[in-house]
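Construct all of the structure, not just a fragment, from the sequences and the given hints.
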Amino acid sequence: MKSLLPKIFVLSLLVGILAVLQSCERIRTIDWEESFNEKSNKPYGVSVFYKELPKIFKNQKVRTVYHQPSSYLSANSEDGYGEHIAKGSYIIIGNSTYLYDDSVNELLSFVDAGNTLLMSSYSFPQIVYDTLNVSTDYIANKKDSISYLSLKHVDIDDITIDRNDGDMYFTHYDSINYNVLGHSKIDYKHVNFLQIPFGAGNIYLHLEPKVFTNYNLLKEDRYKYAEGIISYLQENNIYFDSYTKIQTSYDGDVEKESDYSWFMQQTAFRWAWYTAIIFGILFMIFNAKRRQRIIKIIKPLQNTTVAFVKTISNLYFDTKDHKNLIDKKITYFLEKIRTDFNLNTTVLNDDFIEKLASKTGKKKEDVTKLINLINLLKSKHELLEDDLIKLNRYIESFYSK
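Residue 112 in this note's numbering sits at position 112 of the sequence shown, and the numbers go up by one each step.
Some hints could be false.
Calculated pairs, DSS-like style, for lysine-lysine (alpha carbon to alpha carbon, straight line, at most 30 Å) [unchecked claim]:
#1 Lys378 to Lys390
#2 Lys143 to Lys87
#3 Lys87 to Lys55
#4 Lys378 to Lys329
#5 Lys369 to Lys323
#6 Lys296 to Lys323
#7 Lys329 to Lys296
#8 Lys51 to Lys39
#9 Lys369 to Lys328
#10 Lys336 to Lys359
#11 Lys336 to Lys143
#12 Lys336 to Lys363
#13 Lys152 to Lys219
#14 Lys142 to Lys224
#15 Lys224 to Lys51
#16 Lys185 to Lys152
#17 Lys55 to Lys42
#18 Lys355 to Lys323
#19 Lys39 to Lys61
#20 Lys329 to Lys299
#21 Lys329 to Lys364
#22 Lys378 to Lys364
#23 Lys359 to Lys380
#24 Lys142 to Lys87
#25 Lys61 to Lys152
#26 Lys296 to Lys328
#27 Lys359 to Lys143
#28 Lys355 to Lys369
#29 Lys299 to Lys328
#30 Lys39 to Lys336
#31 Lys359 to Lys369
#32 Lys299 to Lys355
#33 Lys380 to Lys329
Keep in mind that the hints were calculated from the coordinates and are not lab data.
Shown next as structure tokens:
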């Protein structure tokens with residue numbers, strides 16, 4: 001038995017290796033999550049665009065911003081404590097709704113001082129709509145999954161993008177002072193790219209961030225469209241936003257899945273792996289002999305997760321920063337609504353309430369109370385602990401029923 005077990009163990013390992021080689025020949029499942037993460041090589045990451053920025057702006061500094069713009073720009077201002085004074089173009093690709101109001105105000109001050117802001121996103125923070133007096137809407141792509149994009153004042157042909165369920169477009173803007181730079185077309189043309197003069201600088205609002213992703217930049221000549229958008233930016237330093245991508249990674253798990261988890265999804269490898277483990281255990285049981293004294297049992301480290309959560313909770317409680325916590329709860333709640341029910345949360349009106357109640361099966365009056373409370377809290381500048389408790393109670397009630 002002892003002479004046979006090592007041979008069986010080696011044989012099972014060889015079977016496992018062959019299963020791995022066979023699995024590697026199969027086509028790997030593609031992750032189409034729209035992360036817009038500059039470190040992601042997946043189709044809808046933006047690593048290609050991010051790596052090309054230093055080549056496009058050869059003589060300029062390209063900086064990656066991992067913090068809220070409010071803290072970064074204030075630190076790198078004339079009166080700040082940063083290592084330089086922030087001047088140039090600030091680029092935000094996707095997920096701009098994760099920005100707080102104070103960060104948007106800081107970005108507007110940045111533009112007002114003569115700089116440039118490019119925001120390419122499906123929707124923007126509400127303060128952007130209110131300050132710039134613009135509004136957007138969504139049109140579904142009912143015929144196919146193809147949209148047509150065009151740019152004005154740039155000498156390139158119109159491009160198409162596929163895998164597109166619909167387009168966001170501007171329904172209202174100042175047609176006298178704002179410049180229309182581009183359109184999208186489903187059935188008919190819609191404005192999807194605006195240049196907005198603001199103070200001594202310019203704001204560029206664009207509603208199709210997928211054009212900057214790896215999939216579209218590497219397909220056909222679609223990269224020319226992204227180049228056309230970038231051509232409007234000043235020849236100056238570039239500040240590339242990474243903060244909103246960090247926020248997304250909490251829920252989106254950008255690049256989280258390992259190769260091992262994919263291998264375990266392959267039936268041949270999984271059974272070979274389990275067989276190898278079983279024979280390995282049998283080999284150790286029948287072949288191993290105790291040749292040393294009993295090893296002292298060391299108690300495992302205590303799980304401090306609960307203590308960590310209590311510490312963070314006490315920190316927020318001691319600082320009394322109720323508005324910050326309320327903003328986070330509202331942001332995460334609306335993100336879950338968008339993810340689970342595919343609803344646009346830009347405008348929380350009666351139509352939105354009807355759709356949410358219909359999709360969730362909740363009573364309309366309960367949904368109305370929750371959405372009205374969210375709108376009320378978003379409009380207030382100072383919030384109390386009672387507001388936080390009430391919001392938390394409403395959200396928990398929404399999920400429990």
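Taking the hints in turn, this is what the structure says about them:
no.: 1; hint: Lys378 to Lys390; in the structure: holds, 14 Å
no.: 2; hint: Lys143 to Lys87; in the structure: violated, 45 Å
no.: 3; hint: Lys87 to Lys55; in the structure: holds, 19 Å
no.: 4; hint: Lys378 to Lys329; in the structure: holds, 11 Å
no.: 5; hint: Lys369 to Lys323; in the structure: holds, 19 Å
no.: 6; hint: Lys296 to Lys323; in the structure: violated, 51 Å
no.: 7; hint: Lys329 to Lys296; in the structure: violated, 47 Å
no.: 8; hint: Lys51 to Lys39; in the structure: holds, 9 Å
no.: 9; hint: Lys369 to Lys328; in the structure: holds, 19 Å
no.: 10; hint: Lys336 to Lys359; in the structure: holds, 13 Å
no.: 11; hint: Lys336 to Lys143; in the structure: holds, 28 Å
no.: 12; hint: Lys336 to Lys363; in the structure: holds, 19 Å
no.: 13; hint: Lys152 to Lys219; in the structure: holds, 22 Å
no.: 14; hint: Lys142 to Lys224; in the structure: holds, 27 Å
no.: 15; hint: Lys224 to Lys51; in the structure: holds, 16 Å
no.: 16; hint: Lys185 to Lys152; in the structure: holds, 14 Å
no.: 17; hint: Lys55 to Lys42; in the structure: holds, 22 Å
no.: 18; hint: Lys355 to Lys323; in the structure: holds, 28 Å
no.: 19; hint: Lys39 to Lys61; in the structure: holds, 19 Å
no.: 20; hint: Lys329 to Lys299; in the structure: violated, 38 Å
no.: 21; hint: Lys329 to Lys364; in the structure: holds, 21 Å
no.: 22; hint: Lys378 to Lys364; in the structure: holds, 21 Å
no.: 23; hint: Lys359 to Lys380; in the structure: holds, 29 Å
no.: 24; hint: Lys142 to Lys87; in the structure: violated, 43 Å
no.: 25; hint: Lys61 to Lys152; in the structure: holds, 28 Å
no.: 26; hint: Lys296 to Lys328; in the structure: violated, 47 Å
no.: 27; hint: Lys359 to Lys143; in the structure: holds, 24 Å
no.: 28; hint: Lys355 to Lys369; in the structure: holds, 15 Å
no.: 29; hint: Lys299 to Lys328; in the structure: violated, 38 Å
no.: 30; hint: Lys39 to Lys336; in the structure: holds, 24 Å
no.: 31; hint: Lys359 to Lys369; in the structure: holds, 17 Å
no.: 32; hint: Lys299 to Lys355; in the structure: violated, 53 Å
no.: 33; hint: Lys380 to Lys329; in the structure: holds, 15 Å
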